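J.: Sequence:
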Amino acid sequence: MKFYSKHLKSIVVIIATMFLILIIFSVVLLRKRDNYSAVRGNAARLADVLVSQYGVSGIQYALVCQGKMIVSGTAGVFNKENTQTLDNNSLFGIGSTSKMFATTAIMMLSDEGKVDLDQPVLTYIPEFKMADERYKQITVRMLLNHSSGIYGSTFQNAFLFDYPSPLAHDNLLSNLETQGLKAAPGEFSVYCNDGFTLAEIIVERISGMSFTDYIKQNITEPLKMTNTYTPQSDFDKERLVRTYVGNQETPVDTINVIGSGGIFSTAEDLCKFGQVYMSNPSIKVAKSMLSKNAKNKTKQKEYQNGFGPNQQDGLFGYGLGWDSVDAYPYSEYHIQPLIKGGDTQLYHSSLIVIPEHNIVFAAVLSGGSSFFGHVMGQELILETLLSVGYINEIIAPVKIKVPELSSMPAEKVDYSGIYIGEDSVKKVTIISEGKMTISTLYRGHVPDEIYLYTSEGWFVNEDGSKKLTFVEESNGRIYIWVKWQLLIPDLGQASMSSYDYELIQSNEVDNDTQHAWDMRSGKKYYIVNDNPYAQQYYIPGSICFEITTSEQIPGYAAYYKIADKNKGVKDIQIPCLAGRDTSTLEIFEIGGAEYLRIKDMVYISEKAMTDLPTSENNEITVENDGYARWYTVNPKDIGKTLTVNIPEKSSFALYEDDICVYFSVIHGNHPVILPENGKVVFVGETPGVAFTVNVNEK
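So in the numbering used here, the last spot in the sequence shown is 698, and the numbers never skip.
Calculated from the structure, these hints are not laboratory results. Treat the hints with care, since some could be wrong.
[What the hints assert, rightly or not] Pairwise CB distance ranges, derived in the manner of DEER restraints:
#	residue 1	residue 2	range
1	Asn645	Ile125	24 to 30 Å
2	Gln300	Pro671	57 to 63 Å
3	Thr614	Asn82	42 to 48 Å
4	Asp448	Ile125	53 to 59 Å
5	Ile659	Ser174	54 to 60 Å
[As the list claims (entries may be wrong)] In silico DSS-like cross-links for lysine-lysine, where the CA-CA straight-line distance does not exceed 30 Å:
#	residue 1	residue 2
6	Lys136	Lys237
7	Lys295	Lys399
8	Lys136	Lys80
9	Lys295	Lys216
10	Lys483	Lys466
11	Lys427	Lys216
Keep in mind that this is a model prediction, so the values were computed, not measured. For every residue, glycine included, the Cβ atom is placed at its ideal position computed from N, Cα and C.
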């Protein structure tokens, strides 16, 4: 018995020792295998930060490395009432990330020999025509690299609430017929939505299929992207994560220019799509969807074909479709990223591919900005590269230093003047002591920006985060080049490098012409020709355009250069983003009422509005021009109740101080109280529809 007991104890010790070794080995092995635990933890933290601090109501994110989904998660809510769970299959709009689907379709057709990127668009759309004869030089490549010279965005009937409509797509060619060009085709790259709707049309013409059917048959189904749709698809819209303006839930964000911004998807589906652009994707179909040559073409630095700043220390350096093929901080590691972002009024997305390391990150958001997705992706991608040994360290963010001041060359004073950006006018004043002051014209209560000249030859702000210099480009125009280090608390750091403003030249006009515009200064014009379901009637700041003039810049109305008594031209040529949407502004009359046209949008002068009629069962009819009917609220009717019988496919909205307080598409049809400083609009889809209106005491 002692012998047995003695050996039993030995056996127990051996077994215990082996068990302990097994546990230790398992832990070591687990740790060795789980390279990405820190990445997952950081992903959850960053997502929570976006929800808690940056206005994001819901986010979905995913990251694939070497064919493995190493991160996939959500934060926030599906809706604010928490009646449905936000998960990895919940759907979001991806906005302009849709442009990569249009790009991919074009490149697939190019691989098949059906599209030549350097052939004119006219080759594939023979009826394509514009008011500037140089349109004949626009090639397919120029659509994809944003260098076509087309004004930008033709969006009538495009941004609607839960109303799929082909009108924006179908009317683009006729709308472009009346438009000029902002520059010679190919001169420089500046963001252009219409180019991708044209690309969408090319895909349809060559394939004989709708764009929706083409991408389904050739992209999403082969890649098993089972959660990707367009407004023209048959799918359950209840799966779409809810969107909000303020705290008010909106109907479905429906973007009807699909190739430019209309696709719905998930982060995991976008990661499947992004693998098409990897050097060695694990998905077999992704390997063969595009040739190596086609993929290489999309990641060339197309933006360098024109003028503009280098983007190794910025974010926007266009390839074909991609927003950036040359960006900070990836340039610090000699790594090429492919980056595409998407922003509608309500949804946002980010797609980042690192081809050489077979990494793809995607995020989709309700609220916030695609920029937040980019920063989140940047942090996670760098951490992933470190985890698998592709980089040795994560380089510390650029340290922002207080500027070292220096004496300024006297000729810098000559850069003082008036500069125009995308939607603002700046007065730049430089004094010999090296101080530059930038003042915003037209908009009150915007504090001046102060910059001081430094030893590196730039003007720098007080904390050193933002610096400016002046560049005279090959087209003879002078630009303000801005470099900006952005520290985003609890998220990370980003860098921007762009031409933000262009120096304008004096524009002499005769006294009568100047007087005609001065008489309109301070007057507002309100949208009349968008769809009854248009977001423009509801989103703050969208319903009207205000004409402004100033003695400081005669010959201009806001950022429009006056051509005659009734026409102005937004005559800027700024690459990248700040010159993205240019246009002409035209004044015309109908029946004595003054209207304003900017590209495809028409606005009526507030001076032409009459008071809302208050007789019983008053009928308000949309006239033959189809324009919405606008009315003001008479002070004597403030506090009374408005009741409206709304025809089919129509809407009405009520405003207080130009802020929408009621839109029937959002709130349903019920009586509303007329406010002080109020306006009411009645919108019908076709001429002849009639609204029955009653105004009664409370």
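J.: Would you mind marking each hint as holding or not holding in the structure?
T.: A quick look at each hint next to the structure:
The supplied range of 24 to 30 Å is broken by Asn645 and Ile125, whose beta-carbon atoms lie about 43 Å from each other. For Gln300 and Pro671, the hinted distance range of 57 to 63 Å is satisfied, since their beta carbons lie about 60 Å from each other. About 43 Å separates the C-beta atoms of Thr614 and Asn82, a value consistent with the hinted range of 42 to 48 Å. Evaluation of the 53 to 59 Å hint for Asp448 and Ile125 yields a failure: the beta carbon distance comes to about 48 Å.
The hint said 54 to 60 Å for the Cβ distance between Ile659 and Ser174, and at roughly 34 Å that hint is violated. Straight-line distance between C-alpha atoms of Lys136 and Lys237 comes to about 41 Å, which puts the hinted pair past the 30 Å bound. A distance of roughly 36 Å separates the Cα atoms of Lys295 and Lys399; the hinted pair therefore is violated under the 30 Å criterion. Restraint check for Lys136 and Lys80: the C-alpha separation of about 50 Å exceeds 30 Å, so the hint is violated.
Between Lys295 and Lys216, the direct Cα distance comes to roughly 20 Å. Compliance with the 30 Å bound is thereby established for this hinted pair. With a C-alpha separation of about 6 Å, the suggested pairing of Lys483 with Lys466 holds against the 30 Å cut-off. Distance restraint check for Lys427 and Lys216: the Cα-Cα separation of roughly 50 Å exceeds the 30 Å cut-off, and the hinted pair is therefore not satisfied.
Checked against the numbered hints above, the structure breaks hints 1, 4, 5, 6, 7, 8, 11 and satisfies the rest.
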